[in-house]
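Peer 1: Can you make the complete structure from the sequences, with help from the hints?
Same order as they appear, the protein sequences are chains A and B. According to my numbering, the first sequence holds residues 56 to 315 in order. According to my numbering, the second sequence holds residues 82 to 340 in order.
You may find that some hints are simply not true.
Said to hold, decoys possible - Here are the in silico distance ranges between beta carbons for each label pair:
#1 Phe84(A) <-> Glu234(B): 27 to 35 Å
#2 Phe84(A) <-> Ile319(B): 27 to 35 Å
#3 Lys327(B) <-> Glu212(A): 21 to 29 Å
#4 Ile125(B) <-> Leu210(A): 33 to 41 Å
#5 Met224(A) <-> Glu123(B): 22 to 30 Å
#6 Asn175(A) <-> Lys327(B): 39 to 47 Å
#7 Cys185(A) <-> Ser283(B): 33 to 41 Å
#8 Val238(A) <-> Arg230(B): 28 to 36 Å
Simulated from the structure, these hints should not be mistaken for laboratory data. Heads up, the beta-carbon is just placed ideally off N, CA and C, and yes, glycines get one too.
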Amino acid sequence: MYSFYVSIHATDYLRIGKYVGLRHYIFLFSDPVFLRDTFISVKYVIGSLIGAMGLGMALALVLNKRFPFSEFFKTICALPWVISQTVTALLWIWLLDPSFGPINFLLEHIGIGAINFIANESTALPVLICVNVWMSYPFAMILLLAGLQTVPMELYEAAKIDGASSIQMFFQITLPVIRNTIVATCIMLTFYYFTMVTLIYTFTGGGPMGSTEVLSLRVFNETFRYWRIGGAAAIGIVILLLNAIFSIFYVRVVGSGHES
Amino acid sequence: MSIVALSPLVWALLTSLKPNTQIMLFPPVWLPDPIVFDHYKEVIFGSNMPRYFFNSFVVAVVAIFITLALATHTAYAASRFNFRGKEKIMFMILTASMVPVISLLTPLYLVWNQIGLYNTFMGLGLAYAAWQVPTAIWLIRSFIDAIPREVEEAALIDGCTQWQCFHQIVLPIIQPGLAAAGILTFIFVWNDFLFATALTISEDRRLIQVGLYRYLSDLGVDWGRFTAYTVLATLPIIVMFVTLQKRLLKGLVAGAVKG
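Peer 2: As C-alpha cells, then:
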C-alpha cells in the first residue's frame, strides 16, 4: 500500500534522527521554550475541545428534535466544517481588525473599546481557541447527532413515565448510550488539534511573543524555516505521545464512568 | 447559532461587493452601496487566481482517481475474501492515517525530490491520495458490507468471474459510497494548505489555498480583493456541500463510527 510506503519512510527517517543523537530529546526537555510550547499546546487542545464538544453537543441536542426547517439549520450549522483553515484564519483577522473590523465596532459601541485581539499577548490564545471552535464544532455536532439518533425513543418514554426530568434523562440515558461516540469524537478532535498547523500559521504565526506557538507549529517552523529536521522529528514524537496520553485518558475516564 | 456560523461568511460576501472607499471606514458600513463587482473582475482577470483554480481542480481529480482506484479494490478484498491477518492489516492501514501530517512532510519532501515528483501535479495528487486512502477504504468497505452476498453468488453461478462480478455488480451498487469518498477527497485537496506549500514551489503549480495566503503577503492586505478571492475559492465547496450534504454526512459518519 502506498500509505505504508510513506509511513515506512517516515520511520526510517526517524531512526536516522535518533542516530544523530538522543541529545535532540535532552536538548528539548532542558529548553524552557519547548516546555512553554507544550503547555500552550495542551491549553489550546483542552480549550478547543471543551468549546467544540459543548457547542457541538448543545446543537446536536437541539437539531435532534424535529422542527420546521431543521434540515436547513443543520446544513447552515455544519457549514464552517467545509471552510478551509486558511480562509477561516484570514476571515477572522478581517473580522477582528482593530480599526475596521465589525467586532471591534460592536465592542466600542457597547463601551468596552477596541481591542487588538491578535497582537495582544493575553488575548491571542483565547481568540485563537474561539476561532478554532468556530471551525471545528460542526464535526462534533455531526458525529454527536448521528450518535443521538441511535438512542431508542422507548428509553425516554419509559423515563418520562417514571417522572424523570429532562436534565436527569440527559445524564442518565443520553450520555451513557452515546458514550462511545463521545470518546471517538474526543479522540479524533484531539488528534486534529494537536497536529494542526495551517490555522495557527496563518492566523497568528505563533506570535505575539510566541504566545500561540503550539508544538505542531514549532515542528513546521523547525522543518521549513530552520531546517532542523532532527529536532522537529523529536517534537513530532512528543506530539504522538501526547495524543496517546489523551486518548488513554478519555477511554479510562469514560470506561470507569460506565462501571459505577 | 446559525447566525454565528454564517456571519463571517456573510461579512466577507458584503465586503467583496463594496467599493474600496467603503471598506476602510469606521464605523463600518454594513451594506455595500452601490454594489460593485470590481474586486471580482480584478481577481478573475487581473491575477493568477484562475490558474490556481485550475491547478487545484487537476490535483483533486488525480487524487480522487488514485484514492478510489486503490480504496475500492482493497475494500472489496477486505469485505469479501478471508486471508490471514486481514483484520490486523486493516487496523494498520487505519493507524497509518493517524500519523500527524507535519511529520510526514519532511520525508515526503525529500523522497519526492529524489524521484522527481517534487513540484508536479502527480506528486501532489499521490500525496493527497496516500493521506485519504485509509479513510476511503473503511468508508467504502462499510458500503460493500451492506450488499447481500447472495447477489454476487447468483452472478458467479451464472458464469461471471470474480472480476466481472466486482465491476458489473458491486461497483454500480456502491456508487453513493464512491461519491462520498470522492467528495471528501475533493474537500480535503481543495482546502489543504500544508501539502501544497511543502511540495510545490513554482507559480504555475500553486494551489488555491496557497495562492490565497500568498495573495495577502504579496500585495499587502487589499481586503476587497481578498474577500472576493475568498468567496470565489469557497463557493465550489459550499455549493457541493449544500447539494450533497445528506450523502456526505452519512459517509462521514459511517467512516468515523467504524474508525
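Peer 1: All hints, please: hold or fail.
Peer 2: Hint check:
no.	hint	verdict
1	Phe84(A) <-> Glu234(B): 27 to 35 Å	60 Å, violated
2	Phe84(A) <-> Ile319(B): 27 to 35 Å	45 Å, violated
3	Lys327(B) <-> Glu212(A): 21 to 29 Å	28 Å, holds
4	Ile125(B) <-> Leu210(A): 33 to 41 Å	55 Å, violated
5	Met224(A) <-> Glu123(B): 22 to 30 Å	56 Å, violated
6	Asn175(A) <-> Lys327(B): 39 to 47 Å	43 Å, holds
7	Cys185(A) <-> Ser283(B): 33 to 41 Å	37 Å, holds
8	Val238(A) <-> Arg230(B): 28 to 36 Å	32 Å, holds
Figure legend: structure checked against the earlier numbered hints; hints not met, in rising order: 1, 2, 4 and 5.
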